[in-house]
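Peer 1: Taken in order, these protein sequences are the chains called V and E. Per the numbering used here, the first sequence runs over residues 294 to 377. Per the numbering used here, the second sequence runs over residues 2 to 376.
When the alpha-carbon atoms are kept at most 20 Å apart in a straight line, the in silico DMTMM-like pairs for lysine to aspartate or glutamate are as follows:
no.: 1; chain 1: E; residue 1: Lys72; chain 2: E; residue 2: Glu360
no.: 2; chain 1: E; residue 1: Lys334; chain 2: V; residue 2: Glu339
no.: 3; chain 1: E; residue 1: Lys334; chain 2: V; residue 2: Glu338
no.: 4; chain 1: E; residue 1: Lys334; chain 2: V; residue 2: Asp346
Derived from the structure by calculation, the hints contain no laboratory data.
The lines below spell out each chain.
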Amino acid sequence: MSLREELLGTIAAWHLPVAVTDDTALIRSGLLDSLALFNLVLWVEEKTGHPLDPTRVDFRNELNTVTNILEFVARRRQQDAAGG
Amino acid sequence: MDPAFEIVRYQSGHKEQVLRLQRHLWGPDAALNRAYFEWKYEQNPYLTQPALCLALHRGEVVGMRGIVGAKWWLGTSRRAVVIPCTDDFVIAPDHRDRGLASALIHAALAYASDLGHSFLLSLRAGSVNVLASLGAGYRSIGALEPVGCAGPQRARFKRARQLLLRTRFLWRYADSPLLLAPSERMPFRRLDRSAWAPTLRGSRIRIERTPLPTAMAEMEDRLPPDDRIRQVHDPEYFDWVFRNPALEYRYLFWEDQRIEGYLVLQRSLLSRGEPASVVVSDWEGTGDAVRTDLLDAAVRHGRFSHLATWTATYPESVKATLTRVGFVPIDLKRRVRGQPAALIRPVRDADLDHEWTIEGHPVMGLDNWRFRLLD
Chain V
294 MSLREELLGT IAAWHLPVAV TDDTALIRSG LLDSLALFNL VLWVEEKTGH
344 PLDPTRVDFR NELNTVTNIL EFVARRRQQD AAGG
Chain E
2 MDPAFEIVRY QSGHKEQVLR LQRHLWGPDA ALNRAYFEWK YEQNPYLTQP
52 ALCLALHRGE VVGMRGIVGA KWWLGTSRRA VVIPCTDDFV IAPDHRDRGL
102 ASALIHAALA YASDLGHSFL LSLRAGSVNV LASLGAGYRS IGALEPVGCA
152 GPQRARFKRA RQLLLRTRFL WRYADSPLLL APSERMPFRR LDRSAWAPTL
202 RGSRIRIERT PLPTAMAEME DRLPPDDRIR QVHDPEYFDW VFRNPALEYR
252 YLFWEDQRIE GYLVLQRSLL SRGEPASVVV SDWEGTGDAV RTDLLDAAVR
302 HGRFSHLATW TATYPESVKA TLTRVGFVPI DLKRRVRGQP AALIRPVRDA
352 DLDHEWTIEG HPVMGLDNWR FRLLD
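Next comes chain V alone, as it looks inside the complex:
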């Protein structure tokens, strides 16, 4: 299963009132409540293997859509691979 499919499956379990696509605004639209945000942070931590300091993340721009979230995880993994 690809990371994208995994993320969409995770989001599906949150029973959001709309069908989520790659570009659905999750944060800016207010779709995610605090529990879903908490689960999103846990998912990102699991995929990057590191605790996420949410206060250093711009949720509205870096984690707004499925595409943004996947890019964020990929960036963090690249930083890890580069030793940063």
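Since the structure of chain V is provided, determine the placement of chain E on it from the hints.
Peer 2: Just chain E now, with coordinates in the frame of chain V:
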């Protein structure tokens, strides 16, 4: 949000229901909850009326988010503006995970905007509240970097409580007051005795149970200019803030004909579970030597089970003093995630994508602020 709920603004008719809801947040003491609410929202000198957003379910108050007035000086001109703080965020357990958190956060922003404010701060949010706030567009000004200094008794008594918790039949007695160190049951006992001790007589430090609002404000006026955004410390503020009925205070003054420094200690009367730390809630002086004397006196004479403070906006010399006295970083699990943190957000969405400033003063970055505990 579930359509069975509605979000409204507080009116005096909601008060009794709000006080009942607060038990989930502050504890079961109804009289103390009432006094705290009245002090914080009805007697606040910076907002003319209580400002809270409430979530109702079939007319019953099941969620709240408060807006507390706080006044700040901007830069060396000391122009004062009210930048309110959101606080006291609670949703009744049966109504959680229904989208109320986000709805209350946005309702509080709209309310603050209608009251004429441009930003809302959040200084004491728990982890879930922080996430919900960040998701709603708040940003972190920075981590508040709490440090603490534990006495030897604390660990011993904590081990005893944990041991009892794992013991058949006896676990139910683990939260007995008898299993608290004397310095946890009566945290100011030693300090109060020391107020009359020969070591303090003849020194420039005195320990008091009541504040000196006018003298404290006068000393603040003699401090060097500070271009950061910082809470207004005038007699009105000191007179209000130290009447908080949920806290017990002690005041250490460094005096040489007039007040040259003060250190305020507080302990919560609302805490549940583990005994609360004594906290250095305010600490100021006309020089490093004065500040150091005050901290040394508090530690030496108080012999607290646990003493804590925020350090984020203290100068390096003050942080070094804390380290020398034995303070170490605490709350490590939350620290990894940048918390506790000071959060801020413009109240209007249209301002989110502009540079965040208040009358030309940038608000992002701890260098631009000086934070002390609000309560």
